[in-house]
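Two chains, two frames, a set of hints: combine them into the complex.
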Amino acid sequence: MVRTSQQQKLISQSSCVMVMLSIILSIPLKSQGESESTINGRELAHSYDYGNCLACHSAPNDKLAVTLANIAPPLVDMKRRFPSREILFKQIWDARDTYPDTIMPPFGAHMILTEMQIQTIIDYLYTL
Amino acid sequence: MSPLKHVIALIILIASPLAWGNPEEDRQLFIDTFEANIPGVPISQYIHGSLMLSEDALDQYNSIMDFPPFQEMIDQGRKIWETPFKNGQKFANCFENKGANIAGKFPYYNTTLKQVVTFEMALNFCLKQNGETALNLINPETMGTLSAYARSLSDGMLMQIEVPDEEALSKYALGKSFYFRRIGQYNLACASCHLTHGGHYFRDELLSPTIGQAVHFPVFRGGERLYTLQMRYQRCMEAVGATPFKSGSETLNNLEYFHSYLSNGLPLQSSVYRR
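Residue numbers (numbering that gives the first Met the number 0), protein chains in the order written: chain A, 0 to 127; chain B, 0 to 274.
Pulled out of the complex, with its shape left as it was, chain B reads as follows (with noise of 0.2 angstroms):
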């Protein structure tokens, strides 16, 4: 695209983002908006989010993940899902293939339940579907754990999430407005920092861009906690002095539908360590 094109179409995407198109057109503009403001850094890289503008960051970043500090709390996670259920089942017999390479097609639109169903919630309902109780979706000792080795057995799987039909499509819609809504007391919206000012530095913290967010997670951010997408999702709206939406209300599983698409085409990797 021309600068100028692109200029404009910029104007029209943050002007009206209901306006615009399908979601392969809405990723492709995001990708020309970062393209133009972070030049010379390929999209692949993004997987590193806000890391991959400092080498000093990266290289941390580097060996931390050599000798992880949270590899323990990984084999939690492991221990509950190979843990049988009472009645003898497991976590792998509600997943296709095992649960291998299956959660970069999560969150999907679910044609049945008429709703966006996340990975964190299709674990949830497995667990109901054999009698057991459903974690806590924002306890990372249970739910953090348990989603990053599940997660793990989907390493380096492309991202493919589907709008299939009308109905996905208004959830994708759902959660895009959801993006650019101005909230909370500083009046910020989700595409104020990570479309406008993906790669600039908000103080000394460089704002990841959106594309290459939700490939990784949960994140390990020091401590001993794993972070869910959605739990990141809930600092964010604290941050800009909002109240946080619940992890699996429709408005965050509509906004993780949208968002995830956004990262269609990158490898996933769980968990990684991230500020």
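So here's chain A without its partners, still in its complex pose (with noise of 0.2 angstroms):
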């Protein structure tokens, strides 16, 4: 998919929008209500260190998750595509199960991310 430059000058002026004001403010990038692990899901879904989920995927109703990429299906709807948590745990812990060639790395097998970690991810998708 090709983006207009249009397109992809707000998006980046919108992360920078971000980046600059929860620097100003000094605030994380929470809004209020969330519960705590919630904030943490998306963290550790966003940065580049722990899941980088979005180096491949987009999603779409988080505003936060600011990425081009276009890898992956979009993480949308969840609750609804994914009733199952063990399911969706599979998946992130080690989706060749499912997909004996698939890219997305294998977070809970390959040691990137931790059983706790990937509960708490989980918990964020379901806000998706």
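Simulated from the structure, these hints should not be mistaken for lab results. Among the clues, some could well be false.
[Stated by the list, open to error] To give an idea of the chain A side of the interface with chain B (calculated C-beta under 10 angstroms), a few residues: (1) Asn51; (2) Leu53; (3) Cys55; (4) Leu63; (5) Val65; (6) Leu67; (7) Ala108; (8) Met110; (9) Ile111.
Just so we're clear, the structure is a prediction, and the values are computed from it rather than from any experiment. Note that beta-carbon positions come from the ideal geometry of N, C-alpha and C, so glycine has one too.
Listed below in structure tokens is the structure:
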């Protein structure tokens, strides 16, 4: 998919504004009313060092998920599409069980994320 | 190729890379894959790598290339190239045609040494033959700048890597198998990103297709560094959580042989700005 330069500018501008705002106001990137685990899950999923899910997936319902990624299906409507927490866990722990040729990293099996961290990410996914 | 045939070919390609055939068939399969996934962009545009799909990025590239901020580095390489060795010989004397229009034939399979020889290795052979000390292959100041200048003498030459015999083919095949091998904590292969997803966005980076990647190295990526092709491979290996193989190792030389072959027919240009 090719983005127009307009779209690209918008995306990079909005991410800049977010980062600037959060630095200037020194507020963490969260909004009120969210549970602690949701915030951590989002950070884990967004961060380059942990989940880096945004490298491959977009998350159109999370306005803080700034990415152009179009490698994997968008993370949307997760509760309806993945009513089973177990199946979601398996996909993140080691997607090769379901898709032998997947390029999704085996986050659990390769010790990129702990079981707890994956559970926290699932809490976040269920908000999408 | 019909879409169905194409899909079948791709499945075979990905399922068993070693099963598929001669280098020319491989190259054609890569081209078919990209033509299907990135419709409407002629292969000749692939020399621009990840910039080719974004007008903005290409504009930015063109304005940088009008007055390349790395010209000084290339001049530094020119000085190394032109300064005579202690014995009075020069780099130009080590190469056919005084070093002009030759880089597109590297890497090549050397039948005497029974190994793949990269352009940077040939520069070091020249130094050693003349009683000089070889340069560190990953030093951007010395090998980076020298390679950038020496390769610029071949600007416009078409890549023409040859795989002349069975021994050479076995090195090519080793390079190919590495290209498809999953590595690192993230369990990704070069092919995962640059073949299967060439032209897609990895977060906000557009992934360049494999074809066209080898013709414009060393590249300038900001700062003051010129990265050789193998240094770039090493960055991608680090990115997937793998320990990079050494520059000049058989693994990377074979990889460069396979990888460069895929760009056959595209014009060389050294050096350019890239992400």
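Against the structure, the hints come out as follows:
At its closest, the beta carbon of A:Asn51 sits 8 angstroms from a beta carbon of chain B; the interface hint therefore holds under the 10 angstroms criterion. The beta carbon of A:Leu53 comes within 6 angstroms of a beta carbon in chain B, closer than 10 angstroms, and the hint placing it at the interface holds. With a cut of 10 angstroms, the hint placing A:Cys55 at the interface with chain B holds, because the nearest CB-to-CB distance is about 7 angstroms. Interface restraint check for A:Leu63: the shortest CB-CB distance to chain B comes to about 14 angstroms, outside 10 angstroms, so the restraint is violated.
With a cut of 10 angstroms, the hint placing A:Val65 at the interface with chain B holds, because the nearest CB-to-CB distance is about 8 angstroms. At a threshold of 10 angstroms, the smallest CB-CB gap from A:Leu67 to chain B is about 4 angstroms, leaving the interface hint in force. Annotation: A:Ala108 was flagged as interfacial toward chain B, and the flag holds, the nearest CB pair being 9 angstroms apart, inside 10 angstroms. Below 10 angstroms, beta-carbon pairs count as interface contacts, and A:Met110 has one with chain B at about 7 angstroms; its hint therefore holds.
Proximity of A:Ile111 to chain B holds as hinted, the smallest CB-CB distance being about 6 angstroms (cut-off 10 angstroms).
Of the numbered hints listed earlier, the single one contradicted by the structure is hint 4.
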